[in-house]
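Throw the hints in and build the complete structure from the sequences for me.
The UniProt record's numbering puts the first residue of the sequence shown at 1, with every later residue one more than the last.
Certain hints may be false.
Under the rule of at most 27 Å between Cα atoms (straight-line distance), these lysine-lysine pairs were calculated in the DSS-like manner [said to hold, decoys possible]:
(1) Lys3 to Lys364
(2) Lys221 to Lys266
(3) Lys59 to Lys188
(4) Lys59 to Lys107
(5) Lys107 to Lys91
(6) Lys10 to Lys393
(7) Lys258 to Lys364
(8) Lys10 to Lys364
(9) Lys253 to Lys221
(10) Lys108 to Lys129
(11) Lys393 to Lys91
(12) Lys393 to Lys412
(13) Lys129 to Lys221
(14) Lys253 to Lys91
(15) Lys266 to Lys10
(16) Lys258 to Lys340
(17) Lys59 to Lys10
(18) Lys258 to Lys405
(19) Lys63 to Lys3
(20) Lys221 to Lys3
(21) Lys393 to Lys63
(22) Lys258 to Lys221
(23) Lys63 to Lys221
(24) Lys364 to Lys393
(25) Lys364 to Lys59
(26) Lys59 to Lys108
(27) Lys295 to Lys258
(28) Lys207 to Lys107
(29) Lys340 to Lys295
(30) Lys221 to Lys295
(31) Lys129 to Lys188
(32) Lys91 to Lys63
(33) Lys207 to Lys108
(34) Lys3 to Lys405
(35) Lys10 to Lys253
(36) Lys405 to Lys63
(37) Lys107 to Lys258
(38) Lys221 to Lys59
To be clear, the hints were calculated from the coordinates, so they are not data collected in a lab.
Since we're looking at a predicted model, the values are computed, not measured.
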Amino acid sequence: MDKLIVQGRKRLVGEVSISGAKNAAVAVIPAAIMAEGVSVLENLPSIEDVRSLCHTIEKLGGKCTYQDEHTLQIDCGGGIDYRATFEEVQKIRASYYFLGALLARYKKAEVALPGGCNFGVRPIDLHLKGFRALGATVEEGNGMVRAYADRLIGTSIYMDQVSVGATINIMLAATMAEGVTTIENAAKEPHVVDTANYLNMMGANIKGAGTDVIRIRGVEKLHGAQYTIIPDQIEAGTYMIAAAITGGDVLVKNIIPKHMDSLTAKLDEMNVTIEEHDDSIRVTANRPLHGANVKTMSYPGFPTDLQPQIAALLSVCGGNSVITENVWENRYQYIDELRKLGAQVEIDGRIARIQGVDRLHGAKVSATDLRAGAAMILAALAAEGESEIDGVKYIDRGYEHVEHKFNALGAKITRVQV
1 MDKLIVQGRK RLVGEVSISG AKNAAVAVIP AAIMAEGVSV LENLPSIEDV
51 RSLCHTIEKL GGKCTYQDEH TLQIDCGGGI DYRATFEEVQ KIRASYYFLG
101 ALLARYKKAE VALPGGCNFG VRPIDLHLKG FRALGATVEE GNGMVRAYAD
151 RLIGTSIYMD QVSVGATINI MLAATMAEGV TTIENAAKEP HVVDTANYLN
201 MMGANIKGAG TDVIRIRGVE KLHGAQYTII PDQIEAGTYM IAAAITGGDV
251 LVKNIIPKHM DSLTAKLDEM NVTIEEHDDS IRVTANRPLH GANVKTMSYP
301 GFPTDLQPQI AALLSVCGGN SVITENVWEN RYQYIDELRK LGAQVEIDGR
351 IARIQGVDRL HGAKVSATDL RAGAAMILAA LAAEGESEID GVKYIDRGYE
401 HVEHKFNALG AKITRVQV
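Shown next as structure tokens:
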């Protein structure tokens with residue numbers, strides 16, 4: 001178990017290059033098993049979730065070969081097992097994408113129920129509803145999901161609520177179904193678009209990704225493809241917020257500025273200076289910061305995956321702020337940790353009321369999940385004195401070389417093995 005020791009009151013200055021998107025990578029990698037050939041995926045983040053998915057593919061009988069730290073060759077052309085029932089699968093939430101991918105290719109799949117960060121009930125009923133609509137029989141029991149069909153038939157599927165995971169999983173299964181599938185009220189997140197683009201390069205016929213209606217005309221088989229993963233919207237947002245909370249001046253590079261619109265608008269409202277360029281954003285915080293009200297929503301709204309980080313920033317902004325969490329029902333588990341650092345936060349259901357304080361102070365805190373861990377780093381950077389963060393395994397699931405990137409900007413973060 002690693003810990004991070006963070007020295008506070010360090011102003012971040014310089015440039016940081018953003019890695020490939022975790023949320024896109026964990027969908028594209030399972031999609032690669034659908035191909036009767038070799039795929040080469042570029043700009044993959046060097047994170048634990050990616051490595052876990054690679055181990056899973058190899059256990060299924062596929063071949064994963066790293067060409068360099070961020071380039072992965074996946075070969076499942078010789079066929080793989082349709083049963084992903086081992087412990088590795090339960091480590092990460094995105095393992096459920098193997099259901100859609102295996103069901104598409106083999107018309108049968110057995111996958112252990114997924115794990116990942118624990119911040120509330122996250123049922124996959126919308127995924128399973130979609131598979132059933134395509135003609136599959138789906139059974140749950142003993143920690144497993146089994147789906148099988150003689151044939152998958154395209155149909156019209158209306159999502160009762162917007163779900164990124166269900167949109168992608170149904171899209172995977174429908175890619176090799178007979179006829180046309182329409183997904184209405186589909187998620188519009190950048191990684192939905194990225195997965196669809198990759199599938200299309202493999203020979204799929206998907207239109208409308210990025211809108212609320214996706215149409216998929218099924219094809220008989222897919223071939224391998226070379227594909228470059230988009231930059232990570234959430235990692236980019238984390239470093240933008242880090243610049244703001246430390247009164248810094250940081251150029252966040254290798255990003256798609258359009259993906260950051262909801263955050264840049266909120267930071268601008270808070271009196272942070274934002275300069276947008278073609279593939280970078282400069283964030284400068286040299287004026288008193290104001291509180292703000294934030295509501296998390298599906299894309300293009302404010303991302304729930306930036307909610308803990310913005311809470312850390314709001315805790316040191318002038319005045320009162322309100323966060324309304326509209327995506328997950330229990331994503332405030334980290335608030336007790338933030339309070340240890342001196343934040344003034346009251347929770348009422350899905351609403352967090354934050355009274356800004358002049359200064360946070362160092363403390364021993366835990367990363368309760370991936371994004372909460374990032375929030376602890378940001379708060380510790382702004383705090384007086386030294387902080388100690390445990391639960392670093394959560395942070396490593398989604399942030400590449402986290403202490404090195406922060407230290408290159410002037411932070412002083414030390415990883416300690418205990």
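Quick rundown of the hints versus the structure:
Only pairs whose Cα atoms come within 27 Å are accepted, and Lys3 paired with Lys364 is accepted, the gap being roughly 10 Å. Between Lys221 and Lys266 the alpha-carbon distance is near 44 Å, which puts this suggested pair outside the 27 Å criterion. Under the criterion of a C-alpha separation no larger than 27 Å, the hint pairing Lys59 with Lys188 is inconsistent with the structure, at around 32 Å. For the hint linking Lys59 to Lys107, the alpha-carbon distance of about 20 Å falls within 27 Å, and the restraint holds.
Restraint check for Lys107 and Lys91: the C-alpha separation of about 25 Å stays at or below 27 Å, so the hint holds. With a C-alpha separation of about 24 Å, the suggested pairing of Lys10 with Lys393 holds against the 27 Å cut-off. Annotation: proposed proximity of Lys258 to Lys364 is violated, straight-line Cα distance about 37 Å (limit 27 Å). At most 27 Å may separate the alpha-carbon atoms for a hinted pair to count; Lys10 and Lys364 meet this at roughly 18 Å.
Pair hint Lys253 plus Lys221 does not hold up; C-alpha atoms about 37 Å apart against a cutoff of 27 Å. Taken as a hint, the Lys108 and Lys129 pair is honoured in the structure, with Cα atoms around 16 Å apart against an allowance of 27 Å. Taken as a hint, the Lys393 and Lys91 pair is honoured in the structure, with Cα atoms around 12 Å apart against an allowance of 27 Å. About 19 Å separates the Cα atoms of Lys393 and Lys412, which keeps this hinted pair within 27 Å; it holds.
For the suggested pair Lys129 and Lys221, the alpha carbons sit about 24 Å apart, so the restraint of at most 27 Å is met. Restraint check for Lys253 and Lys91: not satisfied, since their Cα atoms lie roughly 31 Å apart, outside the 27 Å limit. For a cut-off of 27 Å, the pair hint linking Lys266 to Lys10 stands: about 23 Å separates their Cα positions. With a C-alpha separation of about 35 Å, the suggested pairing of Lys258 with Lys340 is violated against the 27 Å cut-off.
Only pairs whose Cα atoms come within 27 Å are accepted, and Lys59 paired with Lys10 is rejected, the gap being roughly 44 Å. Of the pairs offered as hints, the one joining Lys258 and Lys405 holds, with about 23 Å between alpha carbons and a cut-off of 27 Å not exceeded. Between the alpha carbons of Lys63 and Lys3 the distance comes to roughly 33 Å, so the proposed pair goes past 27 Å and is violated. Distance restraint check for Lys221 and Lys3: the Cα-Cα separation of roughly 46 Å exceeds the 27 Å cut-off, and the hinted pair is therefore not satisfied.
A C-alpha spacing of about 26 Å is found between Lys393 and Lys63, which places the hinted pair at or below 27 Å, so the restraint holds. Restraint check for Lys258 and Lys221: not satisfied, since their Cα atoms lie roughly 34 Å apart, outside the 27 Å limit. Restraint check for Lys63 and Lys221: the C-alpha separation of about 19 Å stays at or below 27 Å, so the hint holds. Restraint check for Lys364 and Lys393: the C-alpha separation of about 16 Å stays at or below 27 Å, so the hint holds.
The straight-line distance between the Cα atoms of Lys364 and Lys59 is roughly 38 Å, outside the 27 Å bound, and the hint therefore fails. Between Lys59 and Lys108 the CA atoms are separated by roughly 17 Å; this keeps the pair inside 27 Å, and the hint holds. Between Lys295 and Lys258, the direct Cα distance comes to roughly 19 Å. Compliance with the 27 Å bound is thereby established for this hinted pair. Restraint check for Lys207 and Lys107: the C-alpha separation of about 23 Å stays at or below 27 Å, so the hint holds.
Distance check on the hinted pair: Lys340 and Lys295 sit about 24 Å apart at the alpha-carbon level, within 27 Å; holds. Between Lys221 and Lys295, the direct Cα distance comes to roughly 42 Å. Violation of the 27 Å bound is thereby established for this hinted pair. Of the supplied pair hints, the one linking Lys129 and Lys188 holds, its CA atoms being roughly 19 Å apart against a limit of 27 Å. Proximity of Lys91 to Lys63 is assessed by CA-CA distance (about 20 Å); at most 27 Å being required, the pair is judged to hold.
Pair hint Lys207 plus Lys108 holds up; C-alpha atoms about 25 Å apart against a cutoff of 27 Å. Proposed proximity of Lys3 and Lys405 is supported: the alpha carbons are some 16 Å apart, at most 27 Å. Simply put, Lys10 and Lys253 have alpha-carbon atoms about 21 Å apart, close enough for the 27 Å limit, and the pair holds. With a CA separation close to 31 Å, the supplied pair Lys405 and Lys63 exceeds the 27 Å bound.
In summary, the hint linking Lys107 to Lys258 is not supported, as the alpha carbons are separated by about 38 Å, beyond the 27 Å threshold. With a C-alpha separation of about 23 Å, the suggested pairing of Lys221 with Lys59 holds against the 27 Å cut-off.
Of the numbered hints given earlier, the model fails hints 2, 3, 7, 9, 14, 16, 17, 19, 20, 22, 25, 30, 36 and 37; all others are met.
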